[in-house]
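Undergrad: Listed below are the residues making up each chain.
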Amino acid sequence: MPTLKIDGVEVTVPAQTTIIEAAERLGIEIPRYCYHPGLSVVGQCRMCQVEVERMPKLAIACNTPVADGMVVSTRSPKVEKARRAVLEFYLLNHPLDCPICDKGGECPLQDYTLAYGPGESRSVEEKIQRVKHKVLGPHIVFDAERCILCTRCVRFCHEIPKTGELGVFSRGDQSEINLFPGKVLDNAYSGNVIDLCPVGALTSRQYRFQSRPWDLVRHTESVCPLCSNGCNVVLDVRHRQRGEELLRIRPRENPAVNRWWMCDEGRFTFTYLHDPARLRVPTWREDGPRGEMAYDDLLLRVARAIRRVVEAHGPEAVGCIASSWQANEELFLVRRFFREILGTPHLDFRVRPVQFQPSDASEDGILRRTDKTANSRGARDLDLRPGPGGLDAAGMITAAAEGRLKALFVFEEDLVRAFPDGPLREALGRLDLLVASSLFPTETTALAHAVLPALGFAEKEGSFTNFQGRIQKIRRALTPHVASRSLPEALRELALNLGRDLGGIEPEQVWAAIGERPGPYQGIAWKDIGDLGLLPEES
Amino acid sequence: MISDETKKRFDALVKRYPEKRSGLIPILHEVQAEVGYLSPEAIAWVAAYLTLSPADVMSVASFYDMLHLEPVGKHMIYVCQNLTCSLLGAEPLIRHLEDRLGIRMGETTPDGLISLKRMECLASCGTAPAIQIDGIFYERVTPQKLDELLEKLRNGRLRGSRA
Amino acid sequence: MAFEKILTRYQDVPNYTGTIDEYIAQGGYQALPKALREFQPADLVETVKRSGLRGRGGAGFPCGVKWGFIPKDSPRPKYLVCNCDESEPGTFKDRMLIEEEPHQLIEGIVISSYAIGCHLAFIYCRGEFVSGAQVLERALREAYGRGFLGRNILGSGFELDVHVHRGAGAYICGEETGLLESLEGKRGQPRMKPPFPAISGLYRSPTVVNNVETLSNIPHIVLRGAEWYASIGPPKSAGPRLFSVSGHVERPGNYELPMSITLRELIFDHAGGIPNGRRLKAVIPGGSSAPVLTEQHLDVGMDFESLAAAGSMGGSGGVIVMDDTVCMVRVGEIVSRFYHHESCGQCTQCREGTAWLHKVLRRIEHGQGRKEDLDVLLDMCDNMKGKTICVLSDAAAMPIESYLAHFREEFEIHIRERTCPFEGRGAF
Ligand SMILES: Cc1cc2nc3c(=O)[nH]c(=O)nc-3n(C[C@H](O)[C@H](O)[C@H](O)COP(=O)(O)O)c2cc1C
Ligand code: SF4
Ligand code: SF4
Ligand code: SF4
Ligand code: FES
Ligand code: FES
Numbered sequence: 195m196p197t198l199k200i201d202g203v204e205v206t207v208p209a210q211t212t213i214i215e216a217a218e219r220l221g222i223e224i225p226r227y228c229y230h231p232g233l234s235v236v237g238q239c240r241m242c243q244v245e246v247e248r249m250p251k252l253a254i255a256c257n258t259p260v261a262d263g264m265v266v267s268t269r270s271p272k273v274e275k276a277r278r279a280v281l282e283f284y285l286l287n288h289p290l291d292c293p294i295c296d297k298g299g300e301c302p303l304q305d306y307t308l309a310y311g312p313g314e315s316r317s318v319e320e321k322i323q324r325v326k327h328k329v330l331g332p333h334i335v336f337d338a339e340r341c342i343l344c345t346r347c348v349r350f351c352h353e354i355p356k357t358g359e360l361g362v363f364s365r366g367d368q369s370e371i372n373l374f375p376g377k378v379l380d381n382a383y384s385g386n387v388i389d390l391c392p393v394g395a396l397t398s399r400q401y402r403f404q405s406r407p408w409d410l411v412r413h414t415e416s417v418c419p420l421c422s423n424g425c426n427v428v429l430d431v432r433h434r435q436r437g438e439e440l441l442r443i444r445p446r447e448n449p450a451v452n453r454w455w456m457c458d459e460g461r462f463t464f465t466y467l468h469d470p471a472r473l474r475v476p477t478w479r480e481d482g483p484r485g486e487m488a489y490d491d492l493l494l495r496v497a498r499a500i501r502r503v504v505e506a507h508g509p510e511a512v513g514c515i516a517s518s519w520q521a522n523e524e525l526f527l528v529r530r531f532f533r534e535i536l537g538t539p540h541l542d543f544r545v546r547p548v549q550f551q552p553s554d555a556s557e558d559g560i561l562r563r564t565d566k567t568a569n570s571r572g573a574r575d576l577d578l579r580p581g582p583g584g585l586d587a588a589g590m591i592t593a594a595a596e597g598r599l600k601a602l603f604v605f606e607e608d609l610v611r612a613f614p615d616g617p618l619r620e621a622l623g624r625l626d627l628l629v630a631s632s633l634f635p636t637e638t639t640a641l642a643h644a645v646l647p648a649l650g651f652a653e654k655e656g657s658f659t660n661f662q663g664r665i666q667k668i669r670r671a672l673t674p675h676v677a678s679r680s681l682p683e684a685l686r687e688l689a690l691n692l693g694r695d696l697g698g699i700e701p702e703q704v705w706a707a708i709g710e711r712p713g714p715y716q717g718i719a720w721k722d723i724g725d726l727g728l729l730p731e732e733s
Numbered sequence: 604m605i606s607d608e609t610k611k612r613f614d615a616l617v618k619r620y621p622e623k624r625s626g627l628i629p630i631l632h633e634v635q636a637e638v639g640y641l642s643p644e645a646i647a648w649v650a651a652y653l654t655l656s657p658a659d660v661m662s663v664a665s666f667y668d669m670l671h672l673e674p675v676g677k678h679m680i681y682v683c684q685n686l687t688c689s690l691l692g693a694e695p696l697i698r699h700l701e702d703r704l705g706i707r708m709g710e711t712t713p714d715g716l717i718s719l720k721r722m723e724c725l726a727s728c729g730t731a732p733a734i735q736i737d738g739i740f741y742e743r744v745t746p747q748k749l750d751e752l753l754e755k756l757r758n759g760r761l762r763g764s765r766a
Numbered sequence: 030m031a032f033e034k035i036l037t038r039y040q041d042v043p044n045y046t047g048t049i050d051e052y053i054a055q056g057g058y059q060a061l062p063k064a065l066r067e068f069q070p071a072d073l074v075e076t077v078k079r080s081g082l083r084g085r086g087g088a089g090f091p092c093g094v095k096w097g098f099i100p101k102d103s104p105r106p107k108y109l110v111c112n113c114d115e116s117e118p119g120t121f122k123d124r125m126l127i128e129e130e131p132h133q134l135i136e137g138i139v140i141s142s143y144a145i146g147c148h149l150a151f152i153y154c155r156g157e158f159v160s161g162a163q164v165l166e167r168a169l170r171e172a173y174g175r176g177f178l179g180r181n182i183l184g185s186g187f188e189l190d191v192h193v194h195r196g197a198g199a200y201i202c203g204e205e206t207g208l209l210e211s212l213e214g215k216r217g218q219p220r221m222k223p224p225f226p227a228i229s230g231l232y233r234s235p236t237v238v239n240n241v242e243t244l245s246n247i248p249h250i251v252l253r254g255a256e257w258y259a260s261i262g263p264p265k266s267a268g269p270r271l272f273s274v275s276g277h278v279e280r281p282g283n284y285e286l287p288m289s290i291t292l293r294e295l296i297f298d299h300a301g302g303i304p305n306g307r308r309l310k311a312v313i314p315g316g317s318s319a320p321v322l323t324e325q326h327l328d329v330g331m332d333f334e335s336l337a338a339a340g341s342m343g344g345s346g347g348v349i350v351m352d353d354t355v356c357m358v359r360v361g362e363i364v365s366r367f368y369h370h371e372s373c374g375q376c377t378q379c380r381e382g383t384a385w386l387h388k389v390l391r392r393i394e395h396g397q398g399r400k401e402d403l404d405v406l407l408d409m410c411d412n413m414k415g416k417t418i419c420v421l422s423d424a425a426a427m428p429i430e431s432y433l434a435h436f437r438e439e440f441e442i443h444i445r446e447r448t449c450p451f452e453g454r455g456a457f
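Chains as they are written, first to last, in our numbering: chain Z, 195 to 733; chain V, 604 to 766; chain X, 30 to 457.
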């Protein structure tokens, strides 16, 4: 392995490593525009030039492999002049848009100009005028004046989704990024060009003008819940007068899961979290119409109803359908509550064909998976399945229809939608107790006696296990509604009402319990799950 | 849009090359000659023929001065504007052409007959100033000679190939 | 001084049209059988090395050395690509060679292909060479007909196909890797080097790119020997060279001469001097990318070394002569307009710098110059040189630097008087 010196510091890296990568290991960021580790190297922007001893010309760090004994300077006067020149050349035709540009505050052109750029413009030439606000597709708008022709967006479309919508048209300073006439940029991953664009040329139609980067109060690391791939993300949240608001989801690099990318569905589907139609307060319905009820009172009534059913028909008259939308910690507590505290074997989470192994598959060979929920793998690993003599989800519905099942808990699933054929309504109507949790009113909640508002993935702490088996943390980015409770809190209260102890409900405590049991997660503690997740077989 | 006969020629052409994409520019020349210019439909046809994305083909076509993405005249006059031709009278020649045709360089006569385009050195500097009409060189061009050429062009008596 | 014409000896044959029979009648296609019968490929590479032949396309790289870079053990096919993109302003010799003596080139291509183990070669003609390409196609058909191309050439077992491929109008496709991209059906954007084409060129395979004139020399070297060739001209610039002389001379045209000739001899003895009794003001000796020379340099030798020592370069052999009516700011405007128009646009410095140079020079020529402009121009040139994927950026900057070095006063007058002093005196 060659050893070289960068800015006086020695580093040893594998052969074939480029200078830009070697510098990264030392925490030295060499400015770059066209280079991106996930794309082919084109060496076009010339921003990353460094001085290498005994090389007559400056070298581009993004395409120069290291060599043993190499001495590199990223800050020599020659380098600084070359860098200043590149920035000066860029700014010749760059509009003075920063104050009104979505990228302002997180723009590599702005940042590098401040750090390395020319003080004043030496040009009196008129700037080239180009198209300013061209809608490229459902998610992206383009400002050609701001484009610095790094071609990252073009390479992305060619190399990752392989849809090739974008091209560089014309040549020289007439060059412009564009679509073929009549085409739109609407591949399933198009949003990534927003992150890739080092200037404000490609921006999000959704995020546009929503915020300035410095208004954001929090950048929370989490995981996308919209399919079993579990792409790592950052949730950008801003504090507003009417409360916190999730403004943007961005991918977070995880080489083993999503590299630098995420799909458009995961990126742009989140406004539901702020939808006024969401369920916010618990409701109860017995004989008359549904009414709001304080949480404690509601849980007392639910406990009473459970006790009645168990006393009259035994615990086998109670069933629970959990959900792969739920986090591992929730699932573990659900299982403990129903299997251990109540003692019923009727537990399942499978309400979609794709959840029966091995039907979850890659949708496109890129990231997207056919299981459109986050945590089927976690539910399987934690054994949210029928115990000995227990019924699966379909079986529980049949049993309810036949009057054998008297109480049913349904978490975050709309059974009416999941089992559209068959006498579902009648089955549910026959139950003595139907408890449903949900983000939104559904046909199932309409039939339920007790309805518990659920929390969205951005409102809870915990973990999902992606299809590979990688346990990945989700973190609370938004404070839940004051009237709501987390499911672990509700279950603990319910257990107390039944005179039982559910145990600790904080993630650390839940994992202490999970780790004690035999199974795929044995020996794992909450703190073992790092920023990039944990694959049990690797630990 | 492309005749079967032309397509057969393309099938033979791409076989010359180890990778068929190499046929792209020769094909674009011929399609342009057949269609008149590289319309979006023409580009899409070529893209489909070579299994490339239309944006890719457009990006290539737009790189080259002799491939036209907008409609052009039936005849194309290239005038060299580079150094030797300029030293020997290219600019007066250009003004003369513009006056005679009533259009500027880069434009097409309203009847769609003639387009004018400035070009860089045509490798004809020894006989400057030089122009090309439909691929044929005309050298040591004077305003008088130009008038004769335009006359012949209008009467269809100038041979040349747009491919 | 009388000099034996080699590449252009056909010019002394009356009514010569370059058909295969005419070519054979004056000794053509004798080198090919000799090469196939008497030489191993490696011997040919050695012979060309010893001949001292240097590339005529611009860089003057020793031809045999380049051939020697082709890896012998590579399992990939090898390609030879003849660079007939001839677009360097002031250069018009390759066009003459293909239109008037195409078989000399084809014979050179077959021998060179044999030397490097190539079985498929291309002649990349610039798009504007419509008739030149047709002449080559016809000549190729003739050569196939006589068994100089195709399977089992002259019974040697060696086989070769050659195709003509026309570009579509882009100077940058003369740069060898831009050419290869274009030949692969892409935008003619030069590639990063390394790898050089000899290692990874056309279709990622070992490839030699040689200029038309370079390859046209090969049959003569084979036939008459490396020593004979090396004895022509100065030791480091061996062999005849075609100089394309244009501009303000009595007899513009291509002159085949040894490179020991001086600039003065070329302009005044061969090209007949400056017309209309005017004085020489400036000469660009190697295509528009070459820095300008003036009267004081007239005795410089036209070999690669001497021109470099004089601060310019041999380049493409295009010699543009300008008399004392010429405004050097206008020359700068025209030359920079060219590079502005031709930059492929990948590299920031070149894409933006060529445009900026052009705009500033145009402004100065049109009386809108500012005092600061000249230093900004020089600094801009410095920022453009040695920092890009190919040397077009350097080629745009170097001439402008040289105009400022030799004619700074002229620029200052434009700025001071807010007008071009040459205007109204036949400024072009
Ligand atoms: C911008 C640029 C333009 C060039 N144009 C040509 C050209 O038109 N013809 C040519 O033979 N070489 C041209 N070259 C040189 C080629 O890159 C290459 O060096 C040459 O074809 C090699 O052949 P040779 O060794 O026989 O000279 C150009 C180089 C550059 C940088
Ligand atoms: S739009 Fe953005 S990403 Fe695309 S080339 Fe321009 S600057 Fe680069
Ligand atoms: S691929 Fe799946 S996990 Fe990744 S962003 Fe899309 S929906 Fe979310
Ligand atoms: S230097 Fe200019 S012409 Fe050469 S690759 Fe860079 S931008 Fe293109
Ligand atoms: S980052 Fe290296 S050239 Fe662009
Ligand atoms: S300058 Fe016009 S042909 Fe060369």
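The reader is advised that the hints may include incorrect statements.
[What the hints assert, rightly or not] The list that follows gives simulated cross-link-like pairs (lysine to any residue, SDA-like), each with its CA atoms no further than 20 angstroms apart: (1) X/Lys-400 - X/Ile-442; (2) Z/Lys-275 - X/Asp-408; (3) V/Lys-618 - V/Gly-639; (4) Z/Lys-356 - V/Ala-650; (5) Z/Lys-272 - X/Gly-176; (6) Z/Lys-321 - Z/Pro-293; (7) V/Lys-720 - X/Gly-198; (8) V/Lys-677 - V/Lys-618; (9) Z/Lys-356 - V/Ala-647; (10) V/Lys-618 - X/Tyr-173; (11) V/Lys-618 - X/Arg-253; (12) V/Lys-623 - V/Gly-639; (13) Z/Lys-275 - X/Leu-407; (14) Z/Lys-251 - X/Leu-407; (15) X/Lys-222 - Z/Pro-293; (16) X/Lys-215 - Z/Lys-251; (17) X/Lys-388 - Z/Leu-373; (18) V/Lys-618 - V/Val-675; (19) X/Lys-388 - Z/Glu-339; (20) X/Lys-78 - X/Arg-233; (21) V/Lys-623 - Z/Gly-331; (22) V/Lys-720 - V/Ile-706; (23) V/Lys-618 - V/Ser-642; (24) X/Lys-222 - Z/Glu-370; (25) Z/Lys-321 - X/Arg-391; (26) V/Lys-677 - V/Leu-752; (27) X/Lys-215 - V/Gly-715; (28) X/Lys-215 - Z/Ser-315; (29) X/Lys-215 - V/Thr-654.
Quick caveat, the hints were computed from the structure, so don't treat them as lab data.
The structure displayed is predicted, hence computed values, not measured ones.
Undergrad: Hinted pair, alpha-carbon criterion (20 angstroms max): V/Lys-677, V/Leu-752. Please report holds or violated.
TA: Judged against 20 angstroms, a Cα distance of about 15 angstroms means the pair holds.
Undergrad: Holds or violated: are the alpha carbons of X/Lys-78 and X/Arg-233 at most 20 angstroms from each other?
TA: Between X/Lys-78 and X/Arg-233 the Cα gap is close to 25 angstroms, so the pair fails against 20 angstroms, i.e. violated.
Undergrad: Would the pair V/Lys-677 and V/Lys-618 pass a check requiring their Cα atoms to be no farther apart than 20 angstroms?
TA: Violated, at roughly 31 angstroms.
Undergrad: Quick one, are V/Lys-720 and X/Gly-198 close enough, alpha carbons at most 20 angstroms?
TA: holds, 12 angstroms
Undergrad: Between V/Lys-618 and V/Val-675, is the straight-line Cα distance small enough, at 20 angstroms or below?
TA: violated, 31 angstroms
Undergrad: Check the hint pairing X/Lys-215 with V/Thr-654 against an upper bound of 20 angstroms on the C-alpha distance.
TA: holds, 14 angstroms
Undergrad: Tell me if the straight-line CA distance from V/Lys-623 to Z/Gly-331 falls inside 20 angstroms.
TA: violated, 31 angstroms
Undergrad: Is it true that the CA of X/Lys-215 sits at most 20 angstroms from the CA of V/Gly-715?
TA: Status violated; Cα separation ~30 angstroms.
Undergrad: Holds or violated: are the alpha carbons of X/Lys-388 and Z/Glu-339 at most 20 angstroms from each other?
TA: With a Cα-Cα distance of about 19 angstroms, the restraint between X/Lys-388 and Z/Glu-339 holds, given a limit of 20 angstroms.
Undergrad: Verify the proposed pairing of V/Lys-623 with V/Gly-639, using a straight-line Cα cut of 20 angstroms.
TA: Distance of about 24 angstroms is beyond 20 angstroms: violated.
Undergrad: Verify the proposed pairing of X/Lys-215 with Z/Lys-251, using a straight-line Cα cut of 20 angstroms.
TA: violated, 28 angstroms
Undergrad: Check the hint pairing X/Lys-215 with Z/Ser-315 against an upper bound of 20 angstroms on the C-alpha distance.
TA: violated, 36 angstroms
Checked against the numbered hints above, the structure violates hints 3, 5, 8, 11, 12, 15, 16, 17, 18, 20, 21, 23, 24, 27, 28; every other hint is satisfied.
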